[in-house]
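Chains A and B are the protein sequences, given in the same order.
Note that the working numbering numbers the first sequence so that position 125 is 125, with each residue one more than the last.
Note that the working numbering numbers the second sequence so that position 15 is 15, with each residue one more than the last.
Hint data in this document are derived by calculation from the structure and do not stem from the laboratory.
Watch out, some of these pointers could steer you wrong.
[To be verified] Cβ pair distances, simulated, as ranges:
(1) B:Phe56 - A:Glu243: 39 to 45 Å
(2) A:Gln112 - B:Phe13: 22 to 28 Å
(3) B:Ala10 - A:Ala104: 32 to 38 Å
(4) A:Glu210 - B:Gly63: 32 to 38 Å
(5) B:Ala26 - A:Asp165: 40 to 46 Å
(6) B:Phe13 - A:Asp165: 40 to 46 Å
(7) A:Glu205 - B:Arg60: 41 to 47 Å
(8) A:Trp251 - B:Ala38: 34 to 40 Å
(9) B:Ala10 - A:Glu243: 43 to 49 Å
(10) B:Asp47 - A:Gln112: 36 to 42 Å
[Claimed, not checked] Example chain A residues on the side facing chain B (calculated, C-beta under 7 Å, incomplete):
(11) Val17
(12) Pro19
(13) Glu58
(14) Phe61
(15) Gly81
(16) Tyr143
(17) Pro145
(18) Phe182
(19) Pro183
(20) Gly184
(21) Thr185
(22) Gly189
(23) Asp220
(24) Val225
[Unchecked claim] If you want the ones that stay clear, here's a sample from chain B, every Cβ over 10 Å from chain A, calculated:
(25) Ala27
(26) Val28
(27) Ala33
(28) Leu45
(29) Arg60
(30) Leu64
We put the CB at the ideal spot given by N, CA and C, even for glycine.
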Amino acid sequence: MPLVAAFACPHTPQLLVRPPTEDRALVLRVHEALGEVKRRLSAARADVIVLVAGDHIEGFFLNAVPALAVYVGARAAGEFGRYRYAFDVHEPVARAIVEQGIEAGFDLAYSQQLPLDYAFYVPLHFAMPAVAVPIVPLYVNVYLPPQPTPRRCHAWGAALRTILDARAERVALIASGGLSHFPGTERYGTPDFDFDRALLAALAEGRGAETARLTGEELDKAGNVELRTWITLLGAVGAARAEVLCYEPSWHHGNAVVAWPV
Amino acid sequence: MDAHYFFPPAAAFPLNRFLFALKSDAAVRARYAKDGEATMREHGLDDATRAALATFDRERLVGLGAHPYLVFMAQVRLTMDREPTTFEYF
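Looking at chain A on its own, in the form it has when it is part of the complex:
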């Protein structure tokens, strides 16, 4: 069965735990857009949500840095402040992705023992349907160079689409990341919102394939190392035209929520 829904969501932890430095009204507008994702996910009656996210050096430290990985444990759990999350993992779909991904030429790592990163549970905190749906966490290395190239991410997304379309389950795909931000660097207060706006305009015209031609250096310069998760999704959704549900640039982060017709 073809994908039933596709979205991209931000995951900045200030959406979950707001320090006084953050504009409350802006945070609530992003929550509203994520609420729209929740409504659409519920309406799509997804059986499983496959999330593509970058690890914030939480599940994978310098003991091993996989470019692309799949979590295939029974449950995926993580914590942030007072929040404790635990999601059922859809093991048949997770296994199919690992096995068929490797057959397709993508040398995926997999794990059954990882703490879940907030890049996964921040969007789910706001967008998980009332009756919780099992998930499959897919990892793309975004923060520990050398990261996979945009071209490789796009190709992986296309292969992923083939795997998911062949499943009987109703699968929703979510990319978690971005847009421009520079945590821990001297650019923290000056994200590249022009890059974001040009990107969103191109995606609205269905020109997502162009992102496969970006370089890692360009992503790093634009504060968009996490765009690799979006590029993976763009490989899966092809030339579908993005619908921008919100773009809310804060003083340090371009928050974008986007939907694609599939």
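Place chain B on chain A using the hints.
Structure of chain B alone, referenced to chain A:
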């Protein structure tokens, strides 16, 4: 120009491992809050690294090879522990 997120130098592994622990391990954060110097020594950090951590100077830490994101989130988690009431939970 070097990348904002650069290859982590092997020499900085003890520092990055310590920042990772501060970010992800509440017990290490609690121990660090109670006795920072002893906690840093237990993690095998040298004089320059301990001095940079004492002020949590981002530029110095990154100059020593710290991953910028680890510096950022270690500091966020320490602040969340120290000033829990200033944060709004949704």
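For this session: Using 7 Å as the Cβ threshold, decide whether A:Thr185 counts as touching chain B.
Result: 4 Å, holds
Exercise. Okay, A:Trp251 versus B:Ala38 on CB: inside 34 to 40 Å?
Worked result: Taking Cβ atoms as reference, A:Trp251 and B:Ala38 lie about 37 Å apart, which means the hint holds.
Exercise. Should the hint that A:Gly81 touches chain B count as held when the rule is a Cβ pair under 7 Å?
Worked result: Nearest chain B Cβ about 6 Å off; hint holds.
For this session: Decide, holds or violated, for the assertion that all CB atoms of chain A are farther than 10 Å from the CB of B:Leu64.
Result: B:Leu64 clear of chain A: closest Cβ-Cβ about 13 Å, beyond 10 Å.
Problem set entry | Minimum beta-carbon distance criterion (7 Å), A:Phe61 to chain B | 5 Å, holds
Exercise. In terms of Cβ atoms, is chain A entirely out of 10 Å range of B:Arg60?
Worked result: For B:Arg60, whose nearest Cβ neighbour in chain A is about 13 Å away, the distance exceeds 10 Å, so it holds.
Exercise. Is the Cβ of B:Val28 more than 10 Å away from each Cβ in chain A?
Worked result: It holds; B:Val28 is separated from chain A by about 13 Å at its closest Cβ, greater than 10 Å.
Problem set entry | Status of the A:Val17 interface restraint (C-beta, 7 Å, chain B) | 5 Å, holds
Exercise. Does the nearest C-beta of chain B fall within a distance shorter than 7 Å of the C-beta of A:Gly184?
Worked result: 3 Å, holds
Exercise. Between B:Phe56 and A:Glu243, does the C-beta distance stay in 39 to 45 Å?
Worked result: 42 Å, holds
Problem set entry | Hint status (Cβ of A:Pro145 to nearest Cβ of chain B, threshold 7 Å) | 5 Å, holds
Exercise. Are all beta-carbon distances from B:Leu45 to chain A longer than 10 Å?
Worked result: 16 Å, holds
Violated hint for the displayed structure: number 22, the only one.
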